[in-house]
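Given the structure of chain A, go ahead and fit chain B onto it with the hints provided.
Number of protein chains: 2
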Amino acid sequence: MDNFKVNGFKAAAVRSGIRGKDRLDMGLIVCDRPAVAAGVFTTSLVKAAPVLLDTARLADGKARAILVNSGIANACSGAPGMAAAISSSKFVADGLEIGEDDVLIASTGVIGEQLDLACFKKAIPALIEALSTDGLVEVSQAIMTTDTVAKMAVRVVEVAGKPVKLVGMTKGAGMIKPNMATMLAFVMTDVAIEQGCLQQMLQQACDRSFNRITIDGDTSTNDSVIILANGLAGNQPLTENSSEAAPFMAALADLTKDLALQIVRDGEGATKLVTVRVKGARNDQEAKQAAETVAESNLVKTAFFGEDANWGRIIGALGRSGAAFDQQQVDIAFDEVLMVENGLGLGSEVEAAATEVLKQKEFSVNIDLKAGSGSCEYYTCDFSLDYVKINADYRT
Amino acid sequence: MDNFKVNGFKAAAVRSGIRGKDRLDMGLIVCDRPAVAAGVFTTSLVKAAPVLLDTARLADGKARAILVNSGIANACSGAPGMAAAISSSKFVADGLEIGEDDVLIASTGVIGEQLDLACFKKAIPALIEALSTDGLVEVSQAIMTTDTVAKMAVRVVEVAGKPVKLVGMTKGAGMIKPNMATMLAFVMTDVAIEQGCLQQMLQQACDRSFNRITIDGDTSTNDSVIILANGLAGNQPLTENSSEAAPFMAALADLTKDLALQIVRDGEGATKLVTVRVKGARNDQEAKQAAETVAESNLVKTAFFGEDANWGRIIGALGRSGAAFDQQQVDIAFDEVLMVENGLGLGSEVEAAATEVLKQKEFSVNIDLKAGSGSCEYYTCDFSLDYVKINADYRT
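The listed protein sequences correspond, in order, to chains A and B. Just add 836 to the spot in the first sequence (first one is 1) and you have my numbering. Just add 836 to the spot in the second sequence (first one is 1) and you have my numbering.
With the rest of the complex left out, here is chain A (with noise of 0.2 Å):
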C-alpha cells in the first residue's frame, strides 16, 4: 500500500451507518498543512448540497480535508440538506481544529434523501481517530456505490529535479456521461503550485478524461473532482509560465485518463471497453459530436454487446450527430479492421474479422469523416441485460 501515500495527507474510513451496516460508507482525507485546492464540479443546473457548499469554499484556493459518504447524495434536500452539510463539516473542522472553510465534503449515493446528522456526530471521531498515512485505500472503498471495484491510480513525475507523486481515486458507474457524473474524484499531490495554475490544468486535465466517457448518458447532481496540492515535494511553485508545468500536467492528465477509464470498465453491466476515434471532421467541436453521439447511443452500444459488428448503427448514429460530412466518403474500422471504406460496407469476409474484434474485452472504433482535421477521443462500454437489471432494482 505504501503506492497509495502521498507525504503530508492522512486518510480513514468508517462504517457509519448511512448504508447498512457491512460495508464503509464514510472517509476523511486530511492534510497536515493547507494545501491548495481546485474543483471541477457537475454541470447540471440541479446541484446537491455538497457541490454548492464547496463551490464556495474554494473561494479562497484553499483547503485541509475532504469529507464524503455514500448511501445518500445530499442532493434535492433543500434546507435541511444544506444544514446537514454545513454541520458535518463542523464536526471535523472542531476535531482538527481547523477552519470550518477548509473543509471539503461529497456525498454519493440516493438522491431527494435526508442525511443523518447522528451518523456523522459518531463517525467523525473515530475517522479522526482512525487517520493514517495508509488510509487512502480505505477512503476508495468507501466512496463505491454500484461500482463492483475500487479504483486507484498513481503517478511520479519529476518537476525541475523533485520527484511530485499524485494518488488518484475515483468512484463512477451508472449516472455517467460527459460533464462529469455521478462521479467523484479525488487527487492528492504534494506538488508545490499556484492557485489558478492548479485550477485550469485540473479543468483541462477533466475535459479530457471525466467529460469524454459514457456509460448511459445522464448527468448527476453530485460529480466533483477535487484536487489538493501540499506543496511538500518542494519545487519551485508552478505557475501557468512555468517551463516544469508541462510534465506536471501530462502526469495529471494522465493520472485523470486512468481513473476515468477505470470508471467505465466498471460501468454498470458493462463487459466490454470501447474508444471511439472520430479524425476527419470540420473541426474538433464537430469531431466531439460525431464521437458521443456514437458513444452513448444504445442501438450501438446494445450492438458491442452482441458482438455484433453492426456498422450501419454506427452511420446512423453519426448521421443524426449534427457533424457534418458526406456519407459517401466516411470510413469505419473496428481496431485495423476496415469494415467501411467510401460509406459503403467491403462484405461478409471483413465482417468476420470485425466480429473477432468485437469479441475482445477492449477495442477501439475508428471513424474518419474526411470532411477536415478535427478529432476527438470518446470512451464508452456495451450496454448489457445486467445495466437494466440494476438500475431497474437499484433502490430495492
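In short, the hints are calculated from the structure, not lab data. Be aware that one or more of the hints could be misleading.
Here are the simulated DSS-like cross-link-like pairs (lysine-lysine), alpha carbons at most 30 Å apart as the crow flies [to be verified]:
1. A:K1225 with B:K1197
2. A:K1225 with B:K1195
3. A:K1197 with B:K1225
4. B:K957 with B:K857
5. A:K1225 with B:K1225
6. B:K1225 with A:K1195
Same frame as chain A, but now just chain B:
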C-alpha cells in the same frame, strides 16, 4: 376490414423473399387517380436511397403509388442502392402504366446491405395482380420489422358537409426518437386539398406526434411519413385559408398521434407507455428540451421498468436538460399523486401511492417548473431487459 378502406385506393402485399420465405415483406399501395402527395422525412444527414428519391419525386406534389419493403433498408448502399431504388419503382410504373415519377418508395430493415432486384422483378407483377380495396391491412403487416403488432388507425371527419376518411398505417419499434425514427407511416385519404396546405398540415401533425415519441433515442436513415389525398370526397379543395381546414387538420393530428402512440406501446421490450408532461417552462422550446431529456433518460426508463418512483432521476434529467428553472420550485407528480413539491420529496406514504401508479401499464409524469408558461407533452416507454436482448441479437 371495411373500416380500413378508402375510396379510390387499392393495395396488396406479398412474400418477396427479401426477409426469408415465411413473411409478408413487400407491399404496394395504388391510387386509381393522381393524388396530391406530401412527405416528411428523416432529418439525419445520412439518408437512405428511398428518402432521397421520394424527396425529389415529391417536388411536383403528386403521386399514384407507394412501393415498400421490409428486411433491407437500402441505406448506405451507394450508387447500386440508388439504381435498385429507381429500377424497382420502374417495375411498378411499367406494370401500372403510370409515370415513374408518380411512384414513391420506402424501405426498412438492415442498413448497409444491397437489395436483390430479382425479388422485386418477381414480386411486383404478383402485387399488381393482387391489388384490392382490402389490401391496406396486409401492407401494414408487410412493413413490420421488430414490431410485434401491425399498426393502423382510421378517422372519419366532415369537411364542408362531405364525409372525409383517413386511413393510416405505421411501423417502428426501435431506433425511435424525435425527428422521425426507423419508422414508416402512410396515410391515405379521399379529401380534396391543395398540395401546399397538405404539406404544411402533415409537418404540423408530425411535429406533435411522430416527433414527440422516443423509444431509444436513435434516429434512422429511412424515416418517412407520406400522405396521399385523392380528392374523391368531393369537397371544395382545402387551402390554407379554408375555414373547413381545421376539422381535417384535427382529424389528421389525431390519427398521427394514435399511430405514434401505437409505436411507443410496441417499443422494443416496452411494457409501459408513459406520457411526460412539462408545464411552467420559460417557453415551449425549453419545455420540449425538459420533457425530451426525461423521456430519453435510460436511468428514468429503467426505473419505470422496475416500477420504482425514483424522482431523483427525473430531477437529475431536468437538471441537465438545458431548461432554466429553480430547483426549489419544481413539482413532480405521477398521474395525480404529487410526489415532489417545491423541490422536496413528500415522503414514504406518498411514495407508496406513486408506486401504485407506476404499476399501471400507462401513466403520466407531470412536471411543473414554475418558471413561465411553456409546455410540452412527450411519449416514451420503459427500458426493459428485452430491449437489450432484441438489440444485441438483431442480426444474428
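Q.
Please verify whether K1197 (chain A) and K1225 (chain B) have alpha carbons no more than 30 Å apart.
A. With a Cα-Cα distance of about 19 Å, the restraint between K1197 (chain A) and K1225 (chain B) holds, given a limit of 30 Å.
Q) Quick one, are K1225 (chain B) and K1195 (chain A) close enough, alpha carbons at most 30 Å? A) Status holds; Cα separation ~17 Å.
Q. Hey, K1225 (chain A) versus K1197 (chain B), does the alpha-carbon distance stay inside 30 Å?
A. 19 Å, holds
(Q) Hint check: K1225 (chain A) vs K1225 (chain B), CA-CA at most 30 Å. Holds or violated? (A) Holds - the C-alpha atoms of K1225 (chain B) and K1225 (chain A) are around 12 Å apart, at most 30 Å.
(Q) Check whether the Cα positions of K1225 (chain A) and K1195 (chain B) lie no farther apart than 30 Å. (A) 17 Å, holds
Q: Decide if the proposed pair is consistent with the structure: K957 (chain B) and K857 (chain B), CA atoms, cutoff 30 Å inclusive.
A: 16 Å, holds
The structure is consistent with each of the numbered hints, conforming to all of them.
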